[in-house]
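Now for the letters of each chain:
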Amino acid sequence: MHRGVQWPEPTLAWPEGKLICCTFRVAYEAFRKSGRFKHTSKLDVNVASISHANYGGSVGIWRLMDIFERNRIRATIGANGLAVEKWPDTVKEAHARGHEIASHGMTNDYQLTDLTPEQQKEEIRSCTRVITECVGTRPVGWAGQGNMHTVETLGVLANEGYRWFGDAFDDDVPYVAEVEGKRIAVIPKLNYANDWRAWSGGLGNATTFFEGFKTSFDFMYQEALRGRAGAMDVIVHAELGGRPNIACAFEEMIRYVKQFETWIPLRREVADYLLSSNMKAEPYRPLD
Amino acid sequence: MRPTIRWPDNKKICATFTVAFEAFTKGGHFKKTKGDEVNLVSISHANYGGNAGIWRILEILERNNVRATIDVNGLAVQKWPDAVKALHRAGNEIAGHGTTNDISMTDLDPEQQRAEIRAVNRIVKDVTGEQPVGWVSPGGHHTKETLGILADEGYTWSGDQCDDDNPYVVEVDGKRMVIVPKHWYFNDWRAWNGGASTSEMAFQQFKDGFDFVLEEALRGKPINADTARAAAEASMEGAEPMQNNGYKVPLFKAVVARAILECANA
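Going down the list, the protein sequences come from chains P and R.
This note's numbering applies: residue 1 is where the first sequence begins, and numbers increase by one.
This note's numbering applies: residue 1001 is where the second sequence begins, and numbers increase by one.
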């Protein structure tokens, strides 16, 4: 089982003495049956739901790239293979602008927990191939659909050449795991700053979404000033956070953290930093 | 009529801070799914509690010089004994909270409940050297037998009841037992689960409730130096001075307290 990297004693520091590592991410999703909106088990194909999801590729992703450009940061974009196939121009453009294209499964209609390890391997290979064919560079990071995974998933990813895994939630900061004789960086997700929460919570709005992020960031910054470097991860879905009501809070977050001693890398760069450091790899035993 | 409680040193409110330190074998609170299969992402989220959360909380308690009651699953003690030892050493109370949150007391017959309670006693004692005297069931779920078994197993308080603000004493199986009711409103589960709620919203809800209870505690009290000072404090709650007039806040409090006392004596 994993142990806290920064507790009880801090063991990780960021490059150039930065206090907080902040990764900004986009979940770029596509569905064949039904998206998040008006989800129902009654319909086999929910056209209204798919229409809502398609906003991500037609508008949301462009708006988010505009925000990154305006604020001069690069982000990690976790793409469904189907999104890459539907909107290849957007993915090529994101790649050309220096954003990282990571794998997020083929479609969000199902999850890795629905698949056998053999099927998981096929799923991962399909995603790797679709992204590589589109942008010319293979993805090295994986965050699965709904973050669902099985005990076998990490080993399959390491064997398929992946360098980071984004479906763990057991720490604030990343760590290195050893699985199938290979080292892989585990970069946990902070689900608090997930636009899904702002979107699905009824009374959520841009102000509360931003305020919740800001108070968490401020708290962690105080911890960092006391000697415990921290990490924050923000994720928006092109379909949800690409809309103006949430995009404005997302841009506010980027502007806010840039005022401080913050490191804003791609997730691939976080993995490079950890894997080239002398951080000890821990055996991957998620159920101990 | 119920006897009224008085707190030691005539304190107006008794505030207890509780931490639920949990561990799961199948799936935690996050991304809960149906069925008995192991939910790895959910367990990963739950393990944050032992890897980072509990240490952060320990630091907050120490920084603010308060002690808390830590309701522990036996499995959390087995997984993170160092954290439980550090909490115990710092003077916090370690209370029983089942062996894991995968099991509810309502799933168990009375004999199984007794075995569950004894297992927690043994696990906690092995790590801290002391048996817990307080119990909070996973999810607060309990049966009509639970309290009697707890009393029988040497417990002195139970935290599963929600039927009052203040604690009270009951007799069960010929033994006296203190019920310390739980206030679900101030459960972080609500702040976490409710969409984009912020820490300010969670704090504001707590503050509104606390202020209301404080007023209840002050109402009908004789006017004396203590109550006048408390009223003066309340009157300036949240006052934020400008750059150069911070001295006015304590000044104003003193004026309010004196005015109340002079009116009372007039």
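Fair warning: there could be bad hints in the mix.
What the hints assert, rightly or not - In the DSS-like style, the derived pairs of lysine-lysine whose C-alpha atoms are separated by at most 27 Å in a straight line are:
(1) R:K1026 with R:K1079
(2) R:K1221 with P:K189
(3) P:K92 with P:K189
(4) P:K189 with R:K1012
(5) P:K121 with R:K1031
(6) R:K1253 with R:K1207
(7) R:K1012 with R:K1221
(8) P:K33 with R:K1032
(9) P:K280 with R:K1253
(10) P:K42 with R:K1144
(11) R:K1034 with P:K38
(12) P:K38 with R:K1221
(13) P:K86 with P:K214
(14) P:K121 with R:K1012
(15) P:K42 with R:K1079
(16) R:K1221 with P:K121
(17) R:K1034 with R:K1085
Claimed, not checked - Cβ-Cβ distance ranges computed for the label pairs, FRET-style:
(18) R:C1162 with P:I50: 29 to 35 Å
(19) R:V1255 with P:R226: 17 to 23 Å
(20) P:G227 with R:D1164: 42 to 48 Å
(21) R:V1255 with P:D66: 51 to 57 Å
Everything labelled a hint here was simulated from the structure, so no lab data went into it.
Just so you know, even glycine gets a beta-carbon here, dropped at the ideal spot from N, CA and C.
Hints not upheld, ascending by number | 2, 4, 9, 10, 12, 13, 14, 15, 16, 17, 18, 19
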